[in-house]
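Novice: From just these sequences and the hints, can you work out the full model?
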Amino acid sequence: MNPTAPTLPPGTLDRAHVDAPATTLDPVTTLDPVTFEVLKNAFATSVDLMSEQILRTCYSFVIYSRDFSSALCDAQGNTVMQGSGDIAVHVGTLHFQCKAVLEQFPDDIHPGDVFAINDPYRGGTHFNDVSFIRPIFADGEIIAFAQNKGHWADIGGNVPGSFDVNAKEHFGEGLRITPVRVWSRGVFLRDVAQLLTSNTRAPEQAMGDLHAQSEATAVCEREVLRLAERYGTGTVKTALQETQDYVERTVRRRLETLPRGTWETVDYIDADPGKGEGLVPIKIRLTLDGEGIHYDLAGSAPVVETFLNSGYGTTFSAIYAGTKTFFPDVPLNSGFYAAVTADIGPEGTVVNAGWPYAVTGFCSGPYEKLMNGIFEIWSQIMPERAMACAFNLEYLLVGGRDARREEKPYFMWYDWMAGGWGGRASKDGSSATAPVFGPGLAVQPLEGQERLSPVLTTVHQIAVDSGGPGRFRGGCGIEKGGILTDAESTVMSYCCDRARSITWGIEGGLPSIPHGVWLNRDTEDERFLGSNFSSVPIQPGDAFVRPSAGGGGYGDPLDRTAEEVLEDVIDGYVSVARAAADYGVVITPVDPELDDYRIEASETRAARAEIRSGRRAWLEADPAEIAEGYRLGEIDMLDVIRRHGVILDWGTGELFETTTAQYRALMARRSSAHWKE
Amino acid sequence: MTGVRVAVDVGGTFTDVCIFDDDTKQMRVTKVPSTPHDPMIAVMNGVERGEIDLSEVSLFSHGTTVATNALITRNFPVAALVTTKGFRDVIEIRDGTKDDLWDAYNDVSGPYIKRRDRFEVTERIDYSGRTVTPLDEEEARTLARLLQRRGVKTIAVCFLNSYANAAHETRMREILEQEIPEATVSTSAEILPEIFEYDRFNTAVANAVLAPLVSGYVNRLAGRLKDDGYAGDLLLLHSGGGSMTPRMVEKYPVRLAASGIAAGAISAKHIAQQCGYENAVSLDMGGTSTDIALVADNELRVTKEWQVEYGHPIIFPSIEVLTIGAGGGSLAHIDIAGSLRNGPQSAGADPGPACYETGGTQPTNTDANVVLGRLGTSLAGGVKQLNGELSKEAITRVIAEPLGMELAEAAQAIVSVANANMADAVRLISIRRGYDPRDFALLAFGGAGALHGADVARELNIPTVVVPPSPGVTSAMGCLLVDIRHDLSQMYTGLASAADAEDLESSFTALETEASDRLRHEGVADENALLQRQVSMRYLGQWRSMQVPMGSGPGALEEAVRTFHEQHEREFAFRQDDAPVEIYQLHLAAVGKIPKPSFRPSPLDATSPGEPAERRPVYFGGSGWVDTPVYHRDALPAGANFPGPAIINQLDSTTVVPPHTRAEIDEWLNIRIHLEEVTP
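Top line first, the protein sequences correspond to chains A and B.
The first sequence begins at 1 in the numbering used here and counts up one residue at a time.
The second sequence begins at 1 in the numbering used here and counts up one residue at a time.
Rather than coming from a laboratory, the hints here were simulated on the basis of the structure.
Errors might be hidden in some of the hints.
If the Cβ cut is set under 8 Å, some of the chain B residues that face chain A in the computed set are [as the list claims (entries may be wrong)]:
(1) Tyr105
(2) Leu340
(3) Ala413
(4) Asp424
Short derived list, chain B residues pointing at chain A, Cβ under 7 Å [unchecked claim]:
(5) Gly86
(6) Trp102
(7) Asp103
(8) Asp107
(9) Arg115
(10) Asn161
(11) Phe196
(12) Ala573
(13) Phe574
Beta carbons: idealized from backbone N, C-alpha and C, even for Gly.
Specialist: Here is the structure:
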């Protein structure tokens, strides 16, 4: 990262939750302060009531795991309020979807209508995320829209769950729903609804969600109409606008206390299968000019030949959600989007794919890279809120026929994990936490999964040594494994990333561990399937296991106290071996059963001195030799990554030369540049 | 039952004692400072201060925050978890979610048992209850001996799929008990025989960590009361709104996790019933927060989805109470974008509201009430003096000047925003269940509830507000009013249309046998035992289920399905009569009835409130400054009936009766404020 303008000392930064002295305020609202505050809060309640209902009536287990959002939009489609528990990834897309409905049906929207849309080429996320939008009429005119967006478990396409890693265009991915009416003046259009749900693998379930989501928007409508009756339609309309102005004003006032300048960084997707090995760049440049927050993504790669591309809706979402993390108390609405602008460049790039490129995997691709890159930039602007890279969202899908039952129904074991978030300026990263993509996205209970699918989970535990080493360690990732039991015609697919662009540390911190699925590990048939694959056939008895990464480390691991390392060893978050290799802390297990370990003070001093003097050279060792050492079993995988910055195919040990050069440049900037001699 | 009934509620600051004399039918109240390091000291101080002769006491009931506080502070003896190999981190991984979605520095608190104290043993049972890998007994025994060496005294045994087959857990318990005879062992299937490993494990783990502390406390207190002459059973209020004896607390201490919070809600139900309201919402407003509970159709709302801290679910039925950060000490401020805000930050007791003269300089709700004349400057019968000038200064500086408002207007704005926030919270807890607040009465208590109750009711179009005689000790009264209650459950999945009536009946019968045993164990006579069947159902394919009552005999299931459709429509505004309905769980509530105190009504002789103690100008939004009579509550006779505005003072609370309302004192000495005369 290269700040190209002088920055103010950290002490001048605004601290969250501290308000500026309120002495010279202009009159900012036309409503009296009480009415404004009451309506603003009531809008939030109306949206939360909608979310509450969908959570209790949904059919999709993905919605049940909190992959949904709710919004109240104004008559122009701008978002006035989002649900307080909404998934991050929908942030900043709901207004696009509402505006698409308005564009499609100008002068043709009536009381009692409900519209559906999931179109990622009109600001949506991916096809599974289906929005239902209901106009709210008062005094004969539209004053607002209530919207609920939820992730359907399946939306058709080539593979169960509709995540086709190999898709290059959208046609095989699933059903594209451009704005369409499903209720007309209060009458349910059964034919239209049937067309939508019949294109999924679980039509009854989809129909259930279609009803549940539409009914939920009616809850919001009822509340807004109550407000209109109580306070007058005009007052409510004014409040809908002023709630957005309020948020925009909040962000702009915060900016007054922040430094001005330009910052930039780059993060990478593992590879573009159309181009051979080599990391795929996503570039972010941020400018603060005192007026607003401006992003520029120029220099990001062209579209990749997988579904790890992003449409404009989700790119904006990543920008808003990443920025919002540094303004946690500011409500989300179009006022926020007005203060945050972005130039995402022309269509045809990985961050602005455009029709008809496949974008369903945006969540594991550009989305998460943009968010972490934005975290890195803001970590410089607000160092007291700094955070290293968090693990990447991943989905493993195992689908086929369940032979435990006579009729051998379709099953879909559709699994995602928690993982580690980055180390922070004042504490370790958060372990075993939902992805930044949606910190409210719950992992599924395996006892539920085992009833529904012929997969026996063999392990679900914290992955030892997965936290990136640092003064403040990255949070720990997870390891989850399973065995296929009574099944037929079963395939496995994986939507993930960061087997090569490994979750990184900052301020001298070190990387975590690579992603990737292992089939039948430690047997004759062992295969490393990598972090992105589709439709690999598997047989009953096959065992698979994969880790989620921990977070990257923050600060030089040699600055972590031996006592802190010891505590990690006692709890098994860090092994005795890695305590020595990563931290230079030599620990002797005296009686581990009774938590009795000893720090060897003089050996620790020696080990730390050795690392300090050797580590710059280790990062320049010949990659081919390192790869050879890995293949021979002489060099441990974590040493290959953390000591040498070398990236391999973790199954075969094949060296990725270009990738390694890129990764070493990245480590030089984020890690070694911050090490003291 | 004759004699004296005693109820003790231990709060953070005060321990309240309610004493009800069955002969005179009079209730007395005593308050003593709480003693957090050993709550029993305050309990016994209260007994002494209340001049209670324990040998005359027929019933001693107790609501305690011992369990809640222990869970929050993590201040409990080391416990161990024994679990299936490969799954020692289930309680650390949780479901992975964060409560605060946006603040990357605000983490969910860690598990109740550290990783170093979590151990694995080889065994595995599948979803159907079939053994995949037998329990490795040798390994289990080695582990038990290790735990013995580690000095562990309380252990949770949590194996995967134990809800389907508990044999391994039971065997593991036996081995542990053989090797460590003095240990307490909580097995997950026994604590909560339900699917979903994280919920079940965590509930069992919470039980294990609380066991030594809570049983220790309860047994010590029971022993002390016995030594001092109390011959009955000590009854402990549990989260579900019932009570249990020390014998059951020993086994299920986690049921006391929300004991203190439930008490206020139970009082609310009692007051609502006393006044003849089927539906009521309670507003228990204190210094820093407000608890809101809902009584619908004479019953308190109960939930199984709750936790003392985010991320640590305790899956036992618990009275649903919504707590929001709005209290007397909530701070009013203008935020960076120029908007007037109220709470959730609070001045608390330190530095306190500006008028307390204890260092607070920011305006609070209390300050606004003082400036408006709603709250007098002399509280608690003259014990505490408030400095209104400091309130004026704070509101002028922080709110009135920046917004260009008059002082009174600014103070009114502060109060209005606080009221609107509370009204929003009531909407959340009522509307989301499909209830219309207009069908409810509002019960206002806690130190500050009666100051705001009438205005909140107006926001919600609620016609009546009830202020009980002692608003400050309502929780203790709740402890007087409980029955013994146990909640049992069992998984039972299948389509309702395909359910075998006999099979269902025998499952319920088994639950009833277990429940009757528990009640008998607690000394409940059979004629006082009441067993209530309930069943959880959902539309096939839905994820959440809904609990509805079920009778017995032919047609009971069909009736329950009808109830399910109706309840689904009421709560969510839609039903699907043609969709298949699935049974998910069976539940049994076992109630041991305890005869309730019979309060004696006062004759409604009077009509006039008598002469006010004083008059002072009070500011009311919409009316401006109004010369207002101030009454002493003790001097208001039953039957008194008078129009607002009026202020009613008592030792622990102040009631505001706004203009355009009418107040009456009912036969139970509640103040009822009627808002029907309001012109909106």
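Novice: Run the structure past the numbered hints and jot down the numbers of the failing ones, going up.
Specialist: The structure breaks none of the hints.
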